Amino acid sequence: MNRKSKLYVILFVFAVFLSSCGEKPPIIDYSPTISALETQVARNIVVLSTKETELESMMYENESLDEALTAEKEIVSTLAASEAELSDQLLEKNDDGEALRAMVQEYHDLFMAVQGDKQGEYVFCTYAFERTFAYIDKVSMRTELAQYVASVMGINADSIQTQHQMIWGNTDDGLIKVFAGGYMYPFIVRFEDAEFGTEDSVYSLASGCFVDYPALEENFLSVEGN
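Numbering (the working numbering), first residue to last: 84 to 309.
Don't read these hints as lab results, they were simulated from the structure.
Just so you know, these numbers come straight off a predicted model, no measurement behind them.
Positions of the beta carbon are idealized from the N, C-alpha and C atoms, including for glycine.
Just so you know, not all the hints are guaranteed correct.
What the hints assert, rightly or not - Listed next, with one range per pair, are the computed distances between beta-carbon atoms:
1. I128 x L162: 44 to 52 Å
2. E157 x L131: 35 to 43 Å
3. Q244 x L299: 39 to 47 Å
4. A277 x A240: 26 to 34 Å
Whole structure, please, built from the sequences with the hints as guidance.
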């Protein structure tokens, strides 16, 4: 190849090179990527919105729980105060109950003869609640009182003598004297009479107490709850 031909080849190659350098760059389509990103952003927004709603709901629930807790604390405080008040009242009741029991015992000791009592310190004789009489008339009462003294002294009733001394002329009330073992035991006997407002009773002058008083015994037992 001569020099002229080589020159033509070089110029041709150079022209091709220049031609290739002048072409436009390829266009890249980013729309799918953008659409995907927009979709993901939208999803994230929905998720964030849902979380926000849940957080707000939890805040409201917490507020409701706080209010309920406050209300419960107030109730507990009120109940504690009521319990303390009731406890104080119970202590007062117990104190009152102790005082009442002491008073009942005092009256019980006053009415019932106990060991060591002096004459006149009691109302009922020792066996008053175990002894009853018929209260038919003065004659039968003399017999009953003789049997009573005989049982207390442990002697034969046939060895006992009795006397009756009336107090009023229109009733059988009177003083019955029982003579046994060399001693005299006087009893005031009264018979029930609606007109005069009297009740059956036997009072021992020797012991200073009632051997029997049915109406008073009944009232006494009702007070004691028997």
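Results of checking the hints against the structure:
Taking the beta carbon of each, I128 and L162 are about 51 Å apart, inside 44 to 52 Å as hinted. At roughly 39 Å, the beta-carbon separation of E157 and L131 lies within the given 35 to 43 Å, and the hint holds. Taking 39 to 47 Å as the suggested C-beta distance range, the pair Q244 and L299 does not conform, at roughly 30 Å. The hinted window of 26 to 34 Å between A277 and A240 holds, with their beta carbons roughly 33 Å apart.
This entry does not satisfy hint 3, going by the numbered hints stated previously; all others are met.
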